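> Next come the chains, spelled out residue by residue.
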Amino acid sequence: MAGDAAEWNDQGKAERFKALALPHLDEIYTLARYLLRGTSDADDAVQECYLRAFRHFETFRGGPIKPWLLAILRNVCHATYAGKTRLVYAADPAERDDVQVKPIWREDSDTPEQAVLRRHESETMRRLIGELPAEFREVIVLREINDLSYREIAAVIEAPIGTVMSRLARARKLLREAWLAAEGEGKSS
Amino acid sequence: MNCEEASVLLHALIDGELDAGHAREVEAHIAICPDCAAQLREFLEFGKKLTPAALRFAAPASLRSRIEGKLPAPRAVVANRRSVIKGFALGATMSALAASGVLVMVMRGDDERRVLGEVVSAHLRSLQAQHLTDVQSSDQHTVKPWFNGRLDVAPPVIELTAQGFTLLGGRLDYADAKPVAAIVYRRRVHVINLFCAPAPGSAKRAARMQSLHGFNVRSWSENGLDLWAVSDINTEELAEFGEKFEAALRQ
Chain A
26 MAGDAAEWND QGKAERFKAL ALPHLDEIYT LARYLLRGTS DADDAVQECY
76 LRAFRHFETF RGGPIKPWLL AILRNVCHAT YAGKTRLVYA ADPAERDDVQ
126 VKPIWREDSD TPEQAVLRRH ESETMRRLIG ELPAEFREVI VLREINDLSY
176 REIAAVIEAP IGTVMSRLAR ARKLLREAWL AAEGEGKSS
Chain B
376 MNCEEASVLL HALIDGELDA GHAREVEAHI AICPDCAAQL REFLEFGKKL
426 TPAALRFAAP ASLRSRIEGK LPAPRAVVAN RRSVIKGFAL GATMSALAAS
476 GVLVMVMRGD DERRVLGEVV SAHLRSLQAQ HLTDVQSSDQ HTVKPWFNGR
526 LDVAPPVIEL TAQGFTLLGG RLDYADAKPV AAIVYRRRVH VINLFCAPAP
576 GSAKRAARMQ SLHGFNVRSW SENGLDLWAV SDINTEELAE FGEKFEAALR
626 Q
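Here the protein sequences come in this chain order: A and B.
This note's numbering numbers the first residue of the first sequence as 26 and each following residue consecutively.
This note's numbering numbers the first residue of the second sequence as 376 and each following residue consecutively.
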């Protein structure tokens, strides 16, 4: 009977884990895409992250699960793909069709011209974020895209909050400068 | 405070991460320093270009199924001889428990827990599948009639914009294998799903706050309806939502 109970618990655990962790798949995948170069590495890292998280699900102590998963993903990226995390994220035009992100509630609708401009803008922004040095890239992604608080970011990157603040300030400065430079190029060409 | 400190802290100010004391200090510096004031304006402006939805990547469907495939499958019962014998053993235990009346009580508790799990899952699904609303409107007179004929109950749809909860729309959902109305509200960036299921003859039941998987659920019953408000906002704000909703309903 003991084995039986364990088996049932295991299935309960898997279902709980899926209900809790899978809704964050896009967010975890997003961080992986920005940290690693290439989609196949990102796929493998995210899969490894979820399997690791499931194995250690007992150690999850409640609260929001997203920072916990992001921390595991970051460890996977650093352990498995050390060296690559500093590589530049390269936008591959062939992958663009897998990008189907819509806001949860609709914003004011764009005219087709605005929509094209907006898409162009977000592609540029993705590229520029990808080109930031890794330590600045990760805080930008965790704050601006994954929407973590400073405390959560500090836990994910295992650094004091003061470091989070100064890195984020520097990251935004670098990104804004790169954005202005790119905008200047766009206008002069 | 000098400019060097302010240039770092103004980001924390933008992100709402400063306590009142520090926020005042930064604001005081910005009031007298045109350079830092300009920086604050520039970064506020730049922040508008960093829209999370546009910068996110969608995980390929193949990745999702690969991960699901590696996790233990739900209720994958292997029918070997051992499990059949175990089944008998379990059956006998269950009958003994049922006879003692213990099971009825345990099952009731389980039932509630299961329904709680289902409304939280429905909430998660609504965010995940980008299917938050079937009818999108902040006008209760548009949302309420939409449910006509779709449910055997007219769910209470109430505008609470003035109270800080924006009505986003409504959706037909399922919980406990029954169709339920989901009325969707927004509080800042947080979504609140209010699920309504007909519960004929059910007594008025005072609100109870529960938490599951990091989501808060406020459940109560009135006017022959079971209601669950599910969100990731904190319990105080969810309680406030429930109270305002109940108060508006009574008017």
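The reader is advised that the hints may include incorrect statements.
Stated by the list, open to error - Calculated from the model, a selection of chain B residues having no Cβ within reach of chain A, i.e. all distances over 12 Å:
(1) GLY396
(2) ARG399
(3) LEU502
(4) PRO575
(5) SER586
(6) GLU618
(7) GLU621
What the hints assert, rightly or not - Covered stretches of chain A, going by a simulated chain B footprint (3 or more residues, C-beta under 8 Å):
(8) 74 to 85
(9) 93 to 105
(10) 144 to 156
(11) 172 to 180
(12) 187 to 193
Said to hold, decoys possible - Residues from chain B that face chain A, not an exhaustive set, calculated with beta carbons under 8 Å:
(13) LEU438
(14) ARG441
(15) ALA497
(16) GLN585
Calculated directly from the structure, the hints in this document are not laboratory data.
On a predicted model such as this, the values are computed, not experimentally measured, just so you know.
Even for Gly, the Cβ is constructed at its ideal location relative to N, Cα and C.
> Now look at each hint and say whether the structure bears it out.
We went through each hint and held it up to the structure:
1. Listed as a non-interface residue, GLY396 (chain B) keeps its Cβ farther than 12 Å from every Cβ of chain A; the least gap is roughly 16 Å.
2. The claim that ARG399 (chain B) lies off the interface holds: its Cβ sits roughly 17 Å from the closest Cβ of chain A, which is beyond the 12 Å cut-off.
3. A beta-carbon of chain A comes within 12 Å of the beta-carbon of LEU502 (chain B); the shortest separation is about 6 Å.
4. For PRO575 (chain B), the non-interface assignment is confirmed: its Cβ lies about 29 Å from the closest Cβ of chain A, beyond the 12 Å cut-off.
5. Look at SER586 (chain B): its CB is around 8 Å from the nearest CB on chain A, not clear of 12 Å, so calling it non-interface is violated.
6. Look at GLU618 (chain B): its CB is around 24 Å from the nearest CB on chain A, clear of 12 Å, so calling it non-interface holds up.
7. At the 12 Å boundary, the C-beta of GLU621 (chain B) stays outside the reach of chain A, the nearest C-beta of that chain being 25 Å off.
8. For a cut-off of 8 Å, the count of residues in the segment 74 to 85 of chain A with a CB near a CB of chain B stands at 3, and the three-residue condition holds.
9. Restraint check on the segment 93 to 105 of chain A versus chain B: 0 residues with Cβ-Cβ distances below 8 Å, three needed, restraint violated.
10. Counting residues of the segment 144 to 156 of chain A whose C-beta sits closer than 8 Å to any C-beta of chain B gives 6, which meets the bar of three, so the coverage hint holds.
11. For the segment 172 to 180 of chain A, the proposed coverage by chain B is satisfied: 3 residues have a C-beta within less than 8 Å of a C-beta in that chain, meeting the threshold of three.
12. Beta-carbon proximity to chain B at under 8 Å applies to 3 residues in the segment 187 to 193 of chain A; the threshold of 3 is reached and the given coverage holds.
13. Against a cut-off of 8 Å between C-beta atoms, the interface hint on LEU438 (chain B) holds, since the closest Cβ of chain A lies about 5 Å away.
14. Here the hint on ARG441 (chain B) is kept, as its CB sits about 6 Å from the closest CB of chain A, short of 8 Å.
15. At about 11 Å, the closest approach between the beta carbon of ALA497 (chain B) and any beta carbon in chain A exceeds 8 Å, and the interface hint on this residue is violated.
16. With 8 Å as the threshold, the beta carbon of GLN585 (chain B) stays out of range of chain A, its nearest partner Cβ sitting at about 13 Å, so the hint is violated.
The structure is inconsistent with the numbered hints 3, 5, 9, 15, 16, although it conforms to all the rest.
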